[in-house]
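Enquirer: Single-letter residue listing:
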Amino acid sequence: MQDLDKALQQIGDIRSQIASSTEFHGFGPAAVATTGVMALTIGVWQHLQPPASTTQYLLQWIVVAAVCSIIVGSEMYSRSRHEHGQLAAALLVRALEQFLPAFACGFMLTAFCFLVAPDTLWMLPGLWQVCVALGLFSAARNLSPTIKLIAAFYFVCGFTVLILSHQAAGLSPWLMAIPFFAGQLMMACALYRQRRNG
Amino acid sequence: MTDTSNAPYAFEGLDRVIHEKARLGIMTSLISHPKGLAFTDLKKLCDLTDGNLSRHISVLQEAGLINVKKGYLNNKPHTTCALTAKGKKQFLKYLDVLEGIVENANATAKSLKATNRKPA
Chain A
163 MQDLDKALQQ IGDIRSQIAS STEFHGFGPA AVATTGVMAL TIGVWQHLQP
213 PASTTQYLLQ WIVVAAVCSI IVGSEMYSRS RHEHGQLAAA LLVRALEQFL
263 PAFACGFMLT AFCFLVAPDT LWMLPGLWQV CVALGLFSAA RNLSPTIKLI
313 AAFYFVCGFT VLILSHQAAG LSPWLMAIPF FAGQLMMACA LYRQRRNG
Chain B
20 MTDTSNAPYA FEGLDRVIHE KARLGIMTSL ISHPKGLAFT DLKKLCDLTD
70 GNLSRHISVL QEAGLINVKK GYLNNKPHTT CALTAKGKKQ FLKYLDVLEG
120 IVENANATAK SLKATNRKPA
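The listed protein sequences derive, respectively, from chains A and B. For what it's worth, the numbering used here labels the leading residue of the first sequence as 163, then goes sequentially. For what it's worth, the numbering used here labels the leading residue of the second sequence as 20, then goes sequentially.
For the record, the hints were derived by calculation from the structure and aren't laboratory data. Bear in mind the structure is a predicted one, so any value in this text is a computation, not a measurement. Certain hints may be false.
Said to hold, decoys possible - To give a feel for the contact side, a few chain A residues facing chain B, derived at Cβ under 10 Å:
{"no.": "1", "residue": "I176"}
{"no.": "2", "residue": "I180"}
{"no.": "3", "residue": "G247"}
{"no.": "4", "residue": "L249"}
To be verified - With a straight-line cut-off of 25 Å between C-alpha atoms, the simulated BS3-like cross-links for lysine-lysine are:
{"no.": "5", "chain 1": "B", "residue 1": "K54", "chain 2": "B", "residue 2": "K40"}
{"no.": "6", "chain 1": "A", "residue 1": "K168", "chain 2": "B", "residue 2": "K132"}
{"no.": "7", "chain 1": "A", "residue 1": "K310", "chain 2": "B", "residue 2": "K54"}
Stated by the list, open to error - With the Cβ distance kept under 7 Å, some of the chain B side facing chain A (calculated, not the full set):
{"no.": "8", "residue": "I50"}
{"no.": "9", "residue": "L114"}
{"no.": "10", "residue": "D115"}
{"no.": "11", "residue": "E118"}
{"no.": "12", "residue": "N125"}
Every residue, glycine too, gets a C-beta built ideally from N, C-alpha and C.
I would like the entire structure built from these sequences, with the hints used as guidance.
Expert: As structure tokens, this is what we get:
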């Protein structure tokens, strides 16, 4: 019986090995582009109706991020089942493993700034962009090579936003809207090209 | 085509081309190297002679499961093999069937063990 358990374990290992060398096609260009448009929309809305406080500004962006995660996540689930068949589960686990550390880091930084050091809330937009960059760098191996360039874009944007928000009196909506609109649209284009090239 | 619904042990999904020991070794080696492997590397990994490896590669190539590229590296003949999309799909299908067989055997072995433990 131990031999049979070992055999099952080995089959699982082979499948994970295949997943590690397979390009992930679970991210949908349309869903990713939608998140970029949502970022621009909330940016315009915040520009027209400025939030009363930094907390309100950030909470609105957290809600948008949660909605975007649901959109991208649900499309990722259905697409990977359609695109990868028997490998879908292994590839989804791998994608989550790659993004989870950066996501957890972003979540913990948000909790820290809100609960422990509210005077550092101005840093969050820049830090979120750096976290997105780290998540993309980590996942780039199983995605199109262009994703590394987009990760670099988010990384540079993150630190630029940190400098700009440190110098400015309040947080501008464009510090979030422009990097996420441009970054998500570039990613949608890269995913579309990856899909077209098979 | 035979009806397999009443023959659970027919194992229709176990592709004969892949199921042979040496060819299974070649396919498993290639699946984790998407860019392909050189003939000499495959020979070492699968512990096969030149003749045996060539024969099995021909069978896999004829079935459309692998691609063979012949060229030159440092003025010496250099042959590389890589899985085709069909080969990858077939191998994953094969793994699913194999997993099903082992899972069934495992469940049977566990239930037999539980039955034997029951006091008379």
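Enquirer: Against each hint, give a clear statement of whether it holds in the structure.
Expert: Do the hints match the structure? See the list:
{"no.": "1", "hint": "I176", "result": "holds (6 Å)"}
{"no.": "2", "hint": "I180", "result": "holds (5 Å)"}
{"no.": "3", "hint": "G247", "result": "holds (7 Å)"}
{"no.": "4", "hint": "L249", "result": "holds (6 Å)"}
{"no.": "5", "hint": "K54(B) x K40(B)", "result": "holds (23 Å)"}
{"no.": "6", "hint": "K168(A) x K132(B)", "result": "holds (18 Å)"}
{"no.": "7", "hint": "K310(A) x K54(B)", "result": "holds (20 Å)"}
{"no.": "8", "hint": "I50", "result": "holds (5 Å)"}
{"no.": "9", "hint": "L114", "result": "holds (6 Å)"}
{"no.": "10", "hint": "D115", "result": "holds (6 Å)"}
{"no.": "11", "hint": "E118", "result": "holds (5 Å)"}
{"no.": "12", "hint": "N125", "result": "holds (4 Å)"}
When held up to the earlier numbered hints, the structure conflicts with none and fits them all.
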